Structures are given as C-alpha cells and as structure tokens.
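Undergrad: Protein chains in written order, with my numbering: chain A, 116 to 451; chain B, 1442 to 1798; chain C, 623 to 695.
Think of the hints as simulated: they come from the structure by calculation, not from any bench. Hints may be right or wrong, so weigh each one.
[As the list claims (entries may be wrong)] Here are the computed lysine-lysine pairs in the PhoX-like style, where the Cα-Cα straight-line distance is at most 25 Å: (1) B:Lys1768 / A:Lys352; (2) B:Lys1658 / C:Lys630; (3) C:Lys645 / B:Lys1658; (4) A:Lys361 / B:Lys1450; (5) C:Lys645 / B:Lys1446; (6) C:Lys630 / B:Lys1687.
[As the list claims (entries may be wrong)] Each pair of labels, with its calculated beta carbon distance range: (7) B:Lys1446 / A:Arg337: 33 to 39 Å; (8) B:Asp1762 / A:Ala305: 46 to 52 Å; (9) A:Arg337 / B:Glu1739: 39 to 45 Å; (10) A:Gly425 / B:Lys1768: 14 to 20 Å; (11) B:Asp1445 / A:Lys405: 24 to 30 Å; (12) B:Glu1739 / A:Gly425: 41 to 47 Å; (13) B:Arg1541 / A:Gly155: 37 to 43 Å.
It should be emphasised that the depicted structure is a prediction, and the values quoted were computed from it without experimental measurement. Note that CB positions come from ideal geometry on N, CA and C, so glycine has one too.
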Amino acid sequence: MKVDRVLMAHGSGGLMSQELIDEVFKKTWNNPYLDPMLDGALLDLPPGRAAMSTDSFVITPLFFPGGDIGKLSICGTVNDLVACGARPLYLSTALIIEEGLPLSDLKKIAQSMAQTAQEAGVSLVTGDTKVVEKGSADRLFINTTGIGIIPPGIDYRPSRIQAGDQIIVTGFVGDHGLSILAQREGLSFATPAVSDCAPLVSIGRALEKYGDAVRCMRDPTRGGLATVLNELAQQAKLGVFIQEQKIPVSSTVQGACNMLGLDPLYMANEGKMVICVAREKALEVLADLKNLPEAQASAVIGEAMTEPAGMVLLETELGAKRILGMLEGEHLPRIC
Amino acid sequence: MTKDKSYLKHLLQEIRNETREVSLMEVCGTHTMAIARSGIHNLVPSNLKLLSGPGCPVCVTAQGDIDAVIELVKNPGITLLTFGDMMRVPGTESSLQEERSQGADIRVVYSPMDALTAAKNLPDREVVFLGIGFETTAPTVGITIEEAMKNGIRNFSVLSLHKLVPPALEIIFSDPDINVDGMICPGHVAAVTGVEPYRLLAETSNKPFVITGFEAKDILEGIVMLLRQLHRYEARVEIQYRSVVKKEGNLVAQATLERVFQAAGARWRGLGYIPESGLELRPIYQMMDARKKFDIPEIDDVPIKGCACGEVLTGKITPRDCALFGKGCTPLRPIGPCMVSQEGACAAYYRYTPLRD
Amino acid sequence: MCLGVPGKVMQIMVHGIARVDVKGNQTDISIRLTPEVQIGDYVLIHAGFAMEIIDEEAAAETMLYIEELLQYD
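Let the sequences and hints guide you as you build the complete structure.
TA: Shown next as structure tokens:
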C-alpha cells in the first residue's frame, strides 16, 4: 500500500523518518552542507560581522496566489537578514507536520523552498522534521533561521535615523494581505491581487554602495506599513511624517479594502522594504531601486522629523495631519 | 484632479470663513471615522465643533446584550456568525474575541448571506447570526431571513440587536441641555428610509438636516450646506448625497423591513432604554428568532463608574472631557461604547487627533 | 454604520445574485433590494447587498448647486 500522507511513524526517527527525509527533502535540497546528513551543518563563514534571524510560518492556506508557505519561509528570513544589512548565506529549517498532510503537498512545498533558496542565493544546510497528532498543528508549521554576513561600512539601525532622512517604500502595499484574505472562509470574493512574496537580496546589494547614507531597512510584514513606521519612530525616538497620496497602493487593493472595511496600510507585505536614507542620496537610491524588478514602484513617502517623537503623522488628501497608529487587536472586516 | 483640489479648497475656505460658534453633529460611525481619517477636525475653525452622536450601532449595543450573546456561545452546539466589528466589544467580563480564544465557535462574516451559506454547510450545528446595524443593514438581514424560510434552513436563526436612528435623534433634540445647531445625517441609512424621518425632525427641532455621503468631499459639502442654511435661518432637510439618496428612499428595502421586523423597545449603551427604537422579528418568523429559539435572557447592564459615554454620545461633552479618556479607557482596553468600536467618538478621537489640543 | 462601496454589475446570475466588479475585485452580491438593476449599472454595495443604483449625474448636481453660490463669495 503506497503511503500518500504523512503519518506519526514518519516522525518517530526510524526507517519511515529516513524515507521521508530521503524522498521529500534530500532530493530537492541537495547541497554540500546538507548532503553529509550530520547532526548539524559545518559552515565556512566569510570574515565579517554576522547577522542571524529566525522566523516561524504558520500561514493558512498553505498554497495561495503568488506562493506557498515554503516560499514564504525562505523569503521571510532572507528578507530579515537583508534588513539587517547582511548578505544571506545559510538557512536552517524545522518543520512541524500534522499527521495526515498529503505527501504531495509536502513535496511541492519542499520544492518551492529549494527553488526560492536558489533564487535568493542561499543554501538550506540543516533541518529537522517532527510529526504531531491530528489537531496539534494547523497542517504545517515551518521555522527558518538564517545567517548572513554584513559587508563593512553597513550599519542598519533605527537609532541612526536623523531628522530630514527620507523614507522610501519599495512598491505597492497590501497585496499579500489581500491575497491571503481572499482565500479565507466566509469572505467570498475573487481578487486579482497576488502575494508579493519575493526574496529581496537584490535590494540589499543595490544599497550597499551607499554605505552609511542608508540608515535602516525594515520589511513591513505583519501589521503592515503603518506598524513598521511606528516601530521605526519609536526606536529612533523621532517623528515620522508621511504623505498619504505618495504611498503606492494599487486600485484593486484599495477597492477591496474599501469594500471590506480594511486599511491597506495595516495589511501584510512579503516582498517590500521600508528604507530610511539620508536626504541628499534619496533620489539616487530611488532611481537604483526602480531599476530592480522587485522594486519598480518604489516611492519616497515621507521623512523623519524631530517632533512628534515616537509617532507617525499622516498628511491626508485634504492636507490635514492626523496620527497613523499601530494596529490594535486583529485587523477584521467591518460593515461600519 | 486640479479642478477637484481647487473645489475642495473653496469648500474649506467657506468653512473657515465661519466665525460664529456652531455645533454640528453626525450620527453615523462611518462619518466619525471618515471625518477623523481625513483630518477634517484639524481643518475646521475652532468655533466649529463637530460632535459625534449615537450613530455607531456597535458602540450602542448594550453591555447586557453582549453578555447574553456570550452566554449563548457557551453552548457547544452553537456556531455564531458576526460582523467583525463586534468581536472586541466588551461585555461585563468578556468579549466575543475572548470567548473564541476559549473555544467558542465564533466566525466573522462580511454578509448575512454568508451566514446562511454557512448554515447550509453545517447541518449539524445551530447557526446564529448576530444582527447589528441600523436601517442600512437590517434590510439585508431581512432578505436573508426570508431566504432561510423559503429554503427551509431550520438550523439558521438571527439574534436581532438592530436599532433605528430617528428615535435616538429625538432623544438628542428633546434634551434641553443639548447644544446642536445642525445634523449631518447618515447617507446610507437615508438611502433606505428616504428623507421623511429627517424632514420631520428638522421641523420639530427647527434645525437644518443634511443627508451626507462619506468621502471627504461629501462631508465638506454637507457642512457647507448646513452652514448656509444656518446663515439663512433655514431648518430644512437637504440631500447632499444625491448619487445614492432619493427622496422616497429604497421602497423595496422599506417593504422588507416592514415584512420581517417590527419596532420594539431597545437598550442603548450610554442612552438607556428607548421605546420603539429597536427591531425584533415578527411573530411569523419566530423559528428564525434566536432570542425565542434559545430563550435568551435579558441581562441587566452593570453601570460602569466614571464612564461618561452617555454625555459623549449626546454631544454634551467631548471625549477629552471624560475623566477616563486615555487613562482607564483606551482603544486597546475600552470601557465604554465610545471607545469600543473603531468608529466610536472616543476611539476615533484618541487615534487620529494629535497634538493641537 | 454603513460602509458602502460602488461596484459595477457585470453579470446577473440566478436567484437574485449579481456578480459585481469593485476596482478589479469580483464578488457575488444579492440584488434583492435593487431588483431593477441591469448589467453595466453601478451599485452601492453594503454587507454583500446592492443597496441602491448609483446615479452619477445626480452626484454632479450637488457640486453645481454649491459652486453657484461660490461664485458670489
């Protein structure tokens, strides 16, 4: 009888575990670090300051327009390393699989991880799988942890932001959040919006030459652009001033958000960066970004200011200023 | 685009030219939000006060009613479907969000028809839809109830907490302490009811009423129309929102309300009991009436010490005047209805209005 | 109370449902409250229902009415 689902036995460490690893992972992920199948990976790290980042992925559904949990798990950690100013090199991954997950799904996800890792120029060097009973995990949870090296002269920290620095976002916001929402039960609408999930290594590279003119980068994932701007304002102890009209939002995303009572500024993005740049270099940086396929719709949306410290001010279409706050609680569809 | 911008500038200029003390009230949570988000508060002169009335159906849902819903969902056979707005509204001790985290089957839907679909797909569950909203939303729930009846969906029912706007407005204008010079009327509610309820109110209160839409331009036009009436000592109802509001309203929607619901007394958080201000299902729909089906009790409200929502909702004080504002009561930990929903007066004020005060 | 957005009616299906387009997004809504609606009409959508047919010409009337007086200011 052919086994077409993940069983508890696949997690018990015996023959079936080995079979699972061989069939699903080893074939797709082969590289000189992983192949010896040791308890850990033996790495050659280039000289320089290292950055490390970890993230766990619990997204539902597993497959969505523009990607899947596998692609997301690579992009998420790669992009966090890029935001640290590092060139991502190696990723570890740990999978917690709910028994009953179809093997074909697992294989697709493993493939997707391998493909995305290749695009991002990183190697998946060590991993772990566990299988839990039905009901103990929502089909599949993935953690990835990554290491990269920071080139000299790069130091991305919110505390380096100065008043007058320009704030750039590398493209349209809200697409990922919307494409996931459309898959949700109970909200039946079809959207052409596709997740923007993508590795942003090229953005990191493009910005390296600007050295300390680039103060800081953040990827606006959960909580969206508004949340990241607030975090930067708080950590930099500066005010952030944004012009609503300058924020790139596609009319599709805006329309769907209007209908559901959601705000694109709080919707997740998985292929965007928020970048703080010294004023005198902003236009140059912008031009370089626009040459990259991942950042064609980049725009300067605002700047850092001394006051109001720790808060984000938004200039509305009417020219009035109001606060753009953090996300409180869940971002839910409303009718009011 | 340039024409639009200069038109908006003209509207703002006319508003800024107003020198008298004027208080205008809006009674629609969506208006509160729209005004707050577009920053209009910060553009109008300080002698022009924009007050937020009891038009947030989420905010005015009685605490005791939330408690009753929470009792209902403790029953493991019940699946509760609700608009997202209701998830964080606090009852005396808990909220739907908290109950869900404890295992209650509570799901967010965008349309009452989604709730009916869920009932068809979950034949072994008792599916209850939480009906919140004013005259805009109630007809949609009415149609859903009729569909359910027609198709014999026995495991579907509605808990109606729907309310009507005009009775609350009557309370506001009959209170001698109220200082409201004109009303920004809810555009979508009026799209259903037509102008008649507002025409009567304008007459009896001798104040201007303008039925207004929800874009920044609409709200500015509405304010201008009110100020012009005040200048001419007029007290009429006018329609700013002409693309959608007809004098007679939506007759099909009105007929639906008439067929499915009847007026009943209702408790409004912050305002208390108002007769004939709520909608209950007519007796022929009693199988669809969750209140009867599950014998849902009337739970008394527990008064909250220091909560001044009643005065905020009637425009007597501004959010900042409340002692609890920003101290015991914040959007993350709301105490009263005005802070509860995103578009409650206090929540909107807290979130969007900085600095200039 | 009353989030409503305009959408264009693309298709009229059976059982009082129409498929509408809201800036590229598509959703099926009930047209039981606006039974006279036709393909190509714009409707105001609230909670999965068409509430009214939008009359753009009427919308322009308000602006004209206000502008008339603006000239004299």
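Undergrad: If a hint holds in the structure, say so; if it doesn't, say that too.
TA: Hint check results:
1. B:Lys1768 / A:Lys352: Measuring from Cα to Cα gives roughly 23 Å; hence the hint holds.
2. B:Lys1658 / C:Lys630: holds, 22 Å
3. C:Lys645 / B:Lys1658: holds, 20 Å
4. A:Lys361 / B:Lys1450: holds, 20 Å
5. C:Lys645 / B:Lys1446: Holds, because 23 Å separates the two Cα atoms, which is no more than 25 Å.
6. C:Lys630 / B:Lys1687: holds, 20 Å
7. B:Lys1446 / A:Arg337: 33 to 39 Å: holds, 35 Å
8. B:Asp1762 / A:Ala305: 46 to 52 Å: Since the Cβ atoms of Asp1762 (chain B) and Ala305 (chain A) sit about 47 Å apart, the hinted range of 46 to 52 Å holds.
9. A:Arg337 / B:Glu1739: 39 to 45 Å: holds, 41 Å
10. A:Gly425 / B:Lys1768: 14 to 20 Å: Holds - the Cβ-Cβ distance for Gly425 (chain A) and Lys1768 (chain B), about 19 Å, lies within 14 to 20 Å.
11. B:Asp1445 / A:Lys405: 24 to 30 Å: With Cβ atoms ~28 Å apart, the hint holds.
12. B:Glu1739 / A:Gly425: 41 to 47 Å: holds, 46 Å
13. B:Arg1541 / A:Gly155: 37 to 43 Å: At 41 Å between Cβs, range holds.
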